[in-house]
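Trainee: Per our numbering, residue 86 is the first one in the sequence shown, and the count goes up by one each step.
Simulated from the structure, these hints should not be mistaken for lab results. Backbone N, C-alpha and C fix where the C-beta goes; we use that ideal spot for every residue, glycine too. Hints are supplied without guarantee of correctness; some may be wrong.
Simulated pairs of lysine-lysine, DSSO-like, Cα-Cα distance not exceeding 27 Å [said to hold, decoys possible]:
id, residue 1, residue 2
1, 135, 309
2, 393, 420
3, 135, 206
Here are the simulated distance ranges between beta carbons [stated by the list, open to error]:
id, residue 1, residue 2, range
4, 211, 169, 24 to 30 Å
5, 291, 454, 24 to 30 Å
6, 389, 328, 17 to 23 Å
7, 280, 420, 35 to 41 Å
8, 234, 170, 21 to 27 Å
9, 360, 400, 26 to 32 Å
10, 214, 424, 33 to 39 Å
11, 161, 389, 27 to 33 Å
12, 390, 152, 29 to 35 Å
13, 294, 400, 33 to 39 Å
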Amino acid sequence: MAPRLMLMERRERFQQKFPMEYNWTATLTFTVVLLMLCGAAAGAAGGPFKHLFGIGDSFLDTGNRDPTNHTLLPSDIIVNQDWTYPYGISLGAPVGRYSDGLLFFDFLAAALGLNPVAYRKYAANPSQNSPADGVNFATAGAGVFTSYGFTTTGAQITELQGVLATNNYNLSQSIVIYSVNGNDYAAFILENGEFDFLGLLEFVPQVVGQIVADVVRLVNLGFKNIAVTQLAPLECEPAITMSDGYTACDTLEIPFVLIHNSLLVSSIWNLSSTLPDANFLLIDFYDAFYSIFDASPGTTGFSSPILKPCCAPTTTTSGCGYVDSNDQPLYTLCKNPAQSFFWDSEHPTQAGWSKVFNLLLTSSTYTGGRRSLQCFLYPQLCQ
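Go ahead and model the full structure; you've got the sequences and the hints to work with.
Mentor: Structure (structure tokens):
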């Protein structure tokens, strides 16, 4: 089946099965662009990838936190925060995503015409929640090491092994996206204090080393197409810039991010020379985010200051969705999430993710300079 027809058929099926989670009206412009892309590829050999798997944390998590767990962790995180109002407000209700709507993983899945099931949902009822399109194991709060008590990426890969053992996938036509975005470092700071800079810098090679070990493990499982994300600019997160009124990124506050990214890039490209059958893509969230932050005011569609979140906490220990003992909100909410890049203290809005995804889609600037995300997903277009 031609890629365009395949995508349209899948899209129809997903609209029927997941009308709330996949608000196609909200991503209409992107879908039109995608259909044009697929139409261009229709005459080429092959078609889109058939399976998508996610390993990582909140940038990918599409519903793996326990919605019934109201526990407050020592890090001031409520376990089911992403299942509470106003999360999911642009989709009509909370759906276990750290955003007002769709995430980067959703846009990637849409680009392939796939709808991978969240592992929590699949594990609860495998017979009713088909894993045919893939499974997303990413869980908000996860790290490569134990952080905040949530699952590790290694544990997620073990879960993936179990799913592979009971389902028939063509791994050469599968993509894994692997994304960790600083939970290990946040947990390190929580445990050791924010002024242990030397210890933090010494911790970076351990984190990157475990990422590489995880990626090698995925290759050994038979996966050939793996996208790995670099850290976003943590120094620009509203949790960091809140104290200065969200006016500027604090480049002195987070000195390890560039070191992490540099070491990760060199390590993954070194892997590509020792594992010639593997097809790696590095996704540069860092420069993609900054290109939006540094754009001239009024050109991005986002309100100023761009670092201010739509859902902003009113105290240093509260968060989006938190309420006091009288059920009064401990946050303020903007009128239109689509005009904010950040949703809460750490995560982009659906509009923010859409902007980032479209930057990655067509430009190799944010994918290591080797090829765009479009060429990774649809290699027929770039041969």
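Trainee: Each hint should be assessed against the structure and marked as holding or not.
Mentor: Evaluated hints:
1. At roughly 13 Å between alpha-carbon atoms, residue 135 and residue 309 fall within 27 Å of each other, so this suggested pair holds.
2. Straight-line distance between C-alpha atoms of residue 393 and residue 420 comes to about 13 Å, which keeps the hinted pair within the 27 Å bound.
3. Restraint check for residue 135 and residue 206: the C-alpha separation of about 20 Å stays at or below 27 Å, so the hint holds.
4. As the Cβ distance of residue 211 to residue 169 is approximately 27 Å, the hint placing it in 24 to 30 Å holds.
5. The supplied range of 24 to 30 Å is met by residue 291 and residue 454, whose beta-carbon atoms lie about 27 Å from each other.
6. Residue 389 and residue 328 have their C-beta atoms about 18 Å apart, which keeps the hinted 17 to 23 Å range intact.
7. For residue 280 and residue 420, the hinted distance range of 35 to 41 Å is satisfied, since their beta carbons lie about 39 Å from each other.
8. Taking the beta carbon of each, residue 234 and residue 170 are about 24 Å apart, inside 21 to 27 Å as hinted.
9. Separation of residue 360 from residue 400 is about 48 Å and departs from the stated range, judged on CB atoms against 26 to 32 Å.
10. Residue 214 and residue 424 have their C-beta atoms about 35 Å apart, which keeps the hinted 33 to 39 Å range intact.
11. Take residue 161 and residue 389: their Cβ atoms lie about 28 Å apart, and the range 27 to 33 Å holds.
12. Between residue 390 and residue 152 the CB atoms are about 33 Å apart, so this pair conforms to the stated range of 29 to 35 Å.
13. Checking the proposed 33 to 39 Å range against residue 294 and residue 400 shows it holds: the Cβ atoms sit about 37 Å from each other.
In this structure, only the earlier hint numbered 9 is contradicted, and the remaining ones agree with it.
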